[in-house]
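Hints given; two lone chains; assemble the complex.
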Amino acid sequence: MPQQVPRLLIVFGLMIAGLVTARRFLIPKTFGELGHYRAAAVDAIAARKIKYAGRAACGACHDDIAKTHAGHRHAGVSCEVCHGPAAGHVEAPADVRPPAPRERGQCPLCHGYDPSRPTGFPQIDPVAHNPLKPCISCHNPHAPEPPRTPEECGACHGQIARAKAVSPHALLECTTCHEADKRHKIEPTLSRPSKPASRAFCGQCHAPEATSAKEIPRVDMAAHGEQYVCWQCHYPHFPELK
Amino acid sequence: MRETESQPQAERSGEAAPVDRRTFLSQSLPVVPTLLAVLQGGQPEKPQQTEARQLAESRGYKASEHNYAMGIDPARCIGCGRCVEACKTENDVPRDPFYFRTWIERYVVQTDGETTVASPDGGIKGFARITETGILRTFFVPKLCNQCANPPCVQVCPVGATFVTQDGVVLVDEEYCIGCRYCIQGCPYGARFLHPVTRAAEKCTFCYHRLVKDLVPACVEVCPTQARVFGDLKLRSSPLSRFMRHNKIQTLKAHLNTEPKVYYANLDGEVS
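If you read the protein sequences in the order shown, they are chains A and B. Numbering-wise, the first sequence is residues 6 to 247 according to this note's numbering. Numbering-wise, the second sequence is residues 1269 to 1540 according to this note's numbering.
In isolation and in its complexed conformation, chain B is listed as follows (with noise of 0.2 Å):
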């Protein structure tokens, strides 16, 4: 490579006056894109496709095709738990009272303009008697990650563990995944954790390995009074897109710029 360019200004040096940069610059120009195609040199031109994809496109099924988002309706929710219960079984997520991939939060509003917020255990007990008194209006609302397109945690991490995927969920790769929590503290949402076992930053999938098989996430599943509603964005049928057409939608910190993909319905103002 380097002989190539080398040559004629060697000659020219032995000759005449030596190079001046703006020559040297312009001539070697040209072999740039041959030096680039060296370094990239062992990556395979066409991707290659792993039997599980494989797999799932034979099944119909195009990640391209798919932009997944889910809507709350807080009105609907009964703080039962039942979504936190089976998110923690599908996924395998450790029992301990703080690693949650989805979590119920209780707002409590006192007639003196007080706020508390709880979540006892995440919800997955339910939720004990209200102790508070003079209550002007108290209601749950669920919460787990926002599923942003324009994600922090992606951008901050240094490797290239998080991503989203072509049908819009963020994953991590709990392989390649360096365990320096800089995602967790990207999250504007507290929506991740570091797993104890595996030192891998954790969070919520939309239940990805159900979305390929057509089914809807687990908490989606069991929510007994459907506060939560799955769907597809790019589709104007599904359940999610009828949804946002018939109820007022805001997303949690709409002026972090994150592109949350989690809608709530009629959102209370207390609500961040």
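Isolated chain A (complex conformation) (with noise of 0.2 Å):
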């Protein structure tokens, strides 16, 4: 055997037991157990301490409460969103109490009025309704009751009946057109009111056969519009006139 091979050899050698070690000591325990990680990360984590309760633990003790809150309008509204997180008071009641927000800055974070907020979610605008008196003096928080809706079309939908009013359909009902269910006035987007769904609807009235008024606009039903509903041309609360 030359000379050199044996020294080779010691070096590879030397050089193989240094990376063991080095990877005995380099690499932490659990990396590679259940993927290219560390798996105590997951342990770690796993065992950080919650802060939120849940809503199941507060019923546990405050079952009257958690009864009268699951028949009312905030039946989906954690206990923790108004109290804060509670899992303190669960592990030591004495000790740690959650807040009861009495103050008049909290219900509008979201009742206060807001363009960007769902059309039908209760809104009121904070400094023009009942200014100074807090909320709870007047709403339960815990069995609130949903808001009274304004009887007529105009107090929410006030663009088109300002817009009707000056038109030649002033004197149209919204009802002649529209039917709408009596949950629309507490789901407006769940419940639409209908649209007319036919050509003959509107030839009611402006179709030449008909027996309204002479003064209404004719128009033949069978030429004009094609497939079309009419309504999707003409803007019936705005009319444009002849």
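Hints are supplied without guarantee of correctness; some may be wrong.
As the list claims (entries may be wrong) - Straight-line C-alpha distance at most 30 Å; calculated DSBU-like pairs for lysine-lysine:
#, chain 1, residue 1, chain 2, residue 2
1, B, 1481, A, 56
2, A, 187, B, 1516
3, A, 72, A, 56
4, B, 1393, A, 138
5, B, 1393, A, 54
6, B, 1330, A, 34
7, B, 1502, B, 1393
8, B, 1481, A, 72
9, B, 1481, A, 34
To be verified - Heads up, incomplete: computed chain B residues facing chain A, CB under 7 Å, no partners named:
#, residue
10, 1343
11, 1347
12, 1350
13, 1357
14, 1358
15, 1398
16, 1406
17, 1431
18, 1433
19, 1436
20, 1480
21, 1486
22, 1489
Hints listed in this document are in silico derivations from the structure and should not be mistaken for laboratory results. Here the structure is a predicted model, which means the values were calculated and not measured. Cβ coordinates follow ideal geometry from the N, Cα and C atoms, glycine included.
Rendered as structure tokens:
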């Protein structure tokens, strides 16, 4: 055997031994156990303490409030939305007491008027709505009543009502053309009023053979507009005049 | 190790022509597995279960049986910011107005086609009165880490400090992170930040510490309008599966092939 071979072998041996030792010390114990990461990290994250106890934990002791709460409009609003994180209170009920916000600033966080909020979500103008009076003097946050919706359509659909009032259609009631379910006043986006579905509906007044007043403009329903329903081109709340 | 393979080589070279490369390689091939085994030396064969995991599994929690995801219905979001507040409290996120694990954006689309997006302080204190005029439509969109099934942040991590768990949550190993910020650059959703104290990358964990205790994430717990829905994709009876059956579902930046697991219902075309 040439002289350099055993020497090289020793060098290689030392390098491999060094590599093995380095790996043993540098790679964390649980690395690669579940994947290309430290499995112990998952456990460390899982072991963190919770701060929000969850509504089930609240209901376990405050069953009377939970029962009232569940039957009303705030049923979906968890206790800790208003009362704050309560895991500490669950552990030591006497020592840690979650706050019960009574000031006026709390409720407008959700119920202050904002056009970005979904239509139909109950909103008030905090400046104009009974100024300086705490919300809870009239409203019970655990069992709120849904607001009374005004009878007239124009209370919500003001822009349409104002345009219609100065248009040739001013004397028509909203219900002449629209049928609105009662539910529309509580959940406006979920139950929408109907719109005339056929050309014949407008034809009741605007067809040549209609028995309506003479000054109402007539149009040949068969020849005009083809497959479209009238309101797809003409805006019925402010129809153009001849 | 080396002796066994070099022995025949030395003998033959002594008596006849030197070994050519082909013979050397083919003869030394069988030794490779043994060599690798030595290199692996020190790594335990059987996974050592830590106490925490044993405890979780004794409660019947098996990570591989879950695949968590979130559904968001922007049409229900009222922009109250309770989710942002709850997230910061639950996860000790720094209170500064530029560290967020989840935040709410307000979109204002004007009649001239101009769209403005704002998220003052992440929406934690709600939103101020709109000042724009000529508004065509306006709405809120909650955002958070999309917990991608194909996460670019995990791909770019040079040390394996961020990873996807067996239950489909992207986590950061705070101790192992070297703070290089590659993942923060790599995230197309801007969902990561560098924690000012630990100097490690931080992000939404879907409140992993709550999931293993059978609780929903803090933001889902406090959402007063159920704009956020949480559930298990592997479970047909989970609220999320129902949400996904009944809504038209979109994801953010789907063209990037990150396979996000935060599903938005009936999302406006302006949102990205």
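So, going through the hints one by one against the coordinates:
no., hint, verdict
1, B/1481 x A/56, "12 Å, holds"
2, A/187 x B/1516, "27 Å, holds"
3, A/72 x A/56, "24 Å, holds"
4, B/1393 x A/138, "22 Å, holds"
5, B/1393 x A/54, "25 Å, holds"
6, B/1330 x A/34, "22 Å, holds"
7, B/1502 x B/1393, "36 Å, violated"
8, B/1481 x A/72, "25 Å, holds"
9, B/1481 x A/34, "26 Å, holds"
10, 1343, "6 Å, holds"
11, 1347, "6 Å, holds"
12, 1350, "5 Å, holds"
13, 1357, "5 Å, holds"
14, 1358, "5 Å, holds"
15, 1398, "6 Å, holds"
16, 1406, "4 Å, holds"
17, 1431, "4 Å, holds"
18, 1433, "6 Å, holds"
19, 1436, "12 Å, violated"
20, 1480, "5 Å, holds"
21, 1486, "5 Å, holds"
22, 1489, "5 Å, holds"
Violated hints for the displayed structure, listed by number in ascending order: 7 and 19.
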